[in-house]
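Visitor: Each protein sequence line maps, in turn, to chains A and B.
Using the working numbering, the letters of the first sequence correspond one by one to residues 4 to 347.
Using the working numbering, the letters of the second sequence correspond one by one to residues 24 to 356.
Keep in mind that the hints were calculated from the coordinates and are not lab data.
Only a predicted model underlies this, so the values are computations on that prediction, with no experimental measurement involved.
Hints may be right or wrong, so weigh each one.
A short list of chain A residues far from chain B (calculated; beta carbon distances all over 12 Å) [claimed, not checked]:
| hint | residue |
| --- | --- |
| 1 | A66 |
| 2 | G231 |
| 3 | V251 |
Within a straight-line C-alpha distance of at most 20 Å, the following computed EDC-like cross-link-like pairs (lysine to aspartate or glutamate) qualify [unchecked claim]:
| hint | chain 1 | residue 1 | chain 2 | residue 2 |
| --- | --- | --- | --- | --- |
| 4 | B | K32 | B | D306 |
| 5 | B | K296 | B | D280 |
| 6 | B | K301 | B | E290 |
| 7 | A | K306 | B | D350 |
| 8 | B | K212 | A | E55 |
| 9 | A | K306 | B | D334 |
| 10 | A | K306 | B | D120 |
| 11 | B | K195 | B | E234 |
| 12 | B | K110 | B | E328 |
| 13 | B | K218 | A | E55 |
| 14 | B | K212 | B | E273 |
| 15 | A | K344 | B | E58 |
| 16 | B | K288 | A | D37 |
| 17 | A | K306 | B | E345 |
| 18 | B | K55 | B | E331 |
| 19 | B | K64 | B | D330 |
| 20 | A | K344 | B | D280 |
| 21 | A | K344 | B | E273 |
| 22 | B | K110 | B | D120 |
| 23 | A | K306 | B | D63 |
| 24 | B | K212 | A | E50 |
| 25 | A | K198 | A | D186 |
| 26 | B | K212 | A | E275 |
| 27 | A | K344 | B | D63 |
| 28 | B | K55 | B | E322 |
| 29 | A | K206 | A | E248 |
| 30 | A | K198 | A | E275 |
| 31 | A | K306 | B | E337 |
Glycine included, each C-beta is placed from N, C-alpha and C at the ideal position.
Given next are the chains, with one letter for each unit.
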Amino acid sequence: MTKRMKYGEAIRTALFHAMEHDPKVFVFGLGVDDHRAIFGSLTGLAEKFGPERVFDTPISEAAMTGVAVGAAVNGLKPVHVHIRSDFLYLAMDQLFNIAAKWRYMFGGRMNVPLVVRAVIGRSWGQGAQHSQSLQSFFMHVPGWKVVMPTTPADAQGLTLAAINDPNPVFILEHRLLYDIVGDVPDPPVAAPLGKAYIRRAGKDLTIVANSYMVVESLKAAEFLETQGISAEVVDPVSLVPLDRETIVASVRKTGRLIVVDTSWTACGVSAEIAAIAAERAFDCLKQPVRRLGMQPTPCPVSKPLENAFYPSARTIAMEAFSMLGRAFPDVNVPVLTSTFKGPF
Amino acid sequence: MIKKKNKMKRPDAATSIELYRTMLRIRLAEQKITEVYPTDKIQSPIHLSVGQEAIAAGVCGALAHGDHVHGTYRGHAFYIAKGGDMKRMFAELYGKDTGCARGKGGSMHLADPDAGLMSCSAIVASTIPVATGDAYASSRQGRKRVVVSVFGDGAIDEGVFFESVNFAVLKKLPIIYVLENNWYAIHSKVPERRKQLDLYRVAEGLGLTGEKFDGNDASTVYNAASAAVASIRKGGGPRLLEFTAYRWHEHVGPGVDFHESYRRKNEQALAQKNDPLKLAKADLTKRCKVKPELFAQWEAELRREVDEAVDFAEKSPFPTVENLFQDVYAESL
Ligand SMILES: Cc1ncc(C[n+]2csc(CCOP(=O)(O)OP(=O)(O)O)c2C)c(N)n1
Ligand SMILES: [Mg+2]
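With the hints as constraints, model all of the structure from the sequences given.
Guide: Given below as structure tokens:
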């Protein structure tokens, strides 16, 4: 059975399911029990499971992350929630010196079954400190698993998988995906960690995109189709572990690769995937790999600057044309697809 | 203990009038923001200080032009009170090139270094250590400048608050920690985040003396801040001033949410009763014999100033795309 629902609700079904089946699971973080319930992803949880298992905290990200680690090591399963991923910079020490290394540093004698959920902000002037997308940090440091669910089904399946996993798992959600509706298993089922999805099949070029960039890439691919260009869109979903095979197979098939990430390109997901293509599909590449991400600046508030800051369906399509050596057509092309309105 | 305002000597008429006018300037500017907001011309999260104007007016009223303030995302009030350029503030909210941050910062990142409003940050507590460093620089440079670090009741949950205070006490820095206690961090009440509710005493163990005042009364705030400034200028160490206040609007956005379940019962009535503008107006009328015509005249004048600022913002150009790449570094790489 499946049910149609929004992204946030899909997360909620996973948490509801996990908490009903495992009393060790608890959810905490700023605002988790308020009436907004983190964009609806926690609606009704506090009422159902009570303040012992769903609770707000002092604004103390560093300490609370350490608290989560300590609880996880000692038999509980914390899900720590952050309404913006930017706030995790305050917890760098606990995330990377402690959580990431605990199992290894102590010779594999203890696990840290911790889940950290964080939301990437975008649009309506989120600005420099409410728009960052921290996947590269978590990929860089061994010890964390990292997922970026795109569809409501991913959101449900990976939230459950993350809770079931014995390792620390970072779930990075995108604010603009919260408006997406999709079919989701009912009752909830865990999705495999480490499996990429072909969101659209094609033969002329491969677009590897993650999270909200999948939405923009699919829009671009739709447009490219009308122009006689067949683009394949691959969504890794899970960045650690990363399904290299699916990515490499697609690149070997099309011979062209554009990587679109929600973050900066330097030392990022796009750099990693470009390197994988160079290492494993070099002989098949007809063109140098292209990368798109946030421009190498902090995120500006002013709308025209913000529009130029992010990749969009339009810039992705333009990149595809340029890669195929074709002039960009003088037709109505898709621009930003989001209709998000603030204030937050 | 909350200092009883009636036991205090009130500021002279000229100062009281100035405090009132500053509060009115803030109120009218923020009311204008809520009027403009539904048109989508301001595409920036906004955190309003309506109801909390007395703190900004009173604290900044006690400072000299060369003193510094570091604030938060709830920054309009301190920006205006410290003498920040109103036109450039509105232009910033509109994301225009003429904004105080050239449209790059928006409402949450106001700064006007010419006026001594040095920073506002969207990360809770993040300007507290920076303000402390500003005070360190000041003390190295001969203690000419008093620095004010403004933050909310939520910010003292963060470790950097205590780490900064410890350093400030250790080095006897010329800084005032101004705690705006509006009882909420977003939707979470103070007692949901801590057991010890005397926030002004929170860093006593580190050697930071704190005091608590009614932050709805601009005269009280002004007196408290003036005393702290005087003590610091004489070489006294850091101080903490807690001011109670009511946040009239929702945490973020132009709406009013007194009806929401997280709010205290009667809070709207209490907020209105303690309206800093109403209190100051009553005091000016009674004590300083200010006539209704004069209030009306000030209001008209300040409305004009706000309207002009909006007009300036509307007519200003957006930054061009080349601007995106400027100012990441001091030079272009
Ligand atoms: C480090 C960090 N954690 C969480 C947030 C989200 N957040 C924004 S404002 C706020 C509440 C702060 O409350 P308080 O310090 O009392 O200031 P107020 O908004 O009441 O003026 C929170 C938790 C943030 N911006 N930064
Ligand atoms: Mg507060």
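Visitor: Hint by hint, say whether it matches the structure.
Guide: These are the hints, each one checked on the structure:
no., hint, in the structure
1, A66, "7 Å, violated"
2, G231, "30 Å, holds"
3, V251, "34 Å, holds"
4, B:K32 / B:D306, "13 Å, holds"
5, B:K296 / B:D280, "17 Å, holds"
6, B:K301 / B:E290, "16 Å, holds"
7, A:K306 / B:D350, "18 Å, holds"
8, B:K212 / A:E55, "18 Å, holds"
9, A:K306 / B:D334, "19 Å, holds"
10, A:K306 / B:D120, "11 Å, holds"
11, B:K195 / B:E234, "18 Å, holds"
12, B:K110 / B:E328, "9 Å, holds"
13, B:K218 / A:E55, "17 Å, holds"
14, B:K212 / B:E273, "14 Å, holds"
15, A:K344 / B:E58, "17 Å, holds"
16, B:K288 / A:D37, "17 Å, holds"
17, A:K306 / B:E345, "14 Å, holds"
18, B:K55 / B:E331, "11 Å, holds"
19, B:K64 / B:D330, "15 Å, holds"
20, A:K344 / B:D280, "19 Å, holds"
21, A:K344 / B:E273, "16 Å, holds"
22, B:K110 / B:D120, "12 Å, holds"
23, A:K306 / B:D63, "11 Å, holds"
24, B:K212 / A:E50, "18 Å, holds"
25, A:K198 / A:D186, "19 Å, holds"
26, B:K212 / A:E275, "44 Å, violated"
27, A:K344 / B:D63, "9 Å, holds"
28, B:K55 / B:E322, "13 Å, holds"
29, A:K206 / A:E248, "17 Å, holds"
30, A:K198 / A:E275, "17 Å, holds"
31, A:K306 / B:E337, "14 Å, holds"
Checked against the numbered hints listed earlier, the structure breaks hints 1 and 26; every other hint is satisfied.
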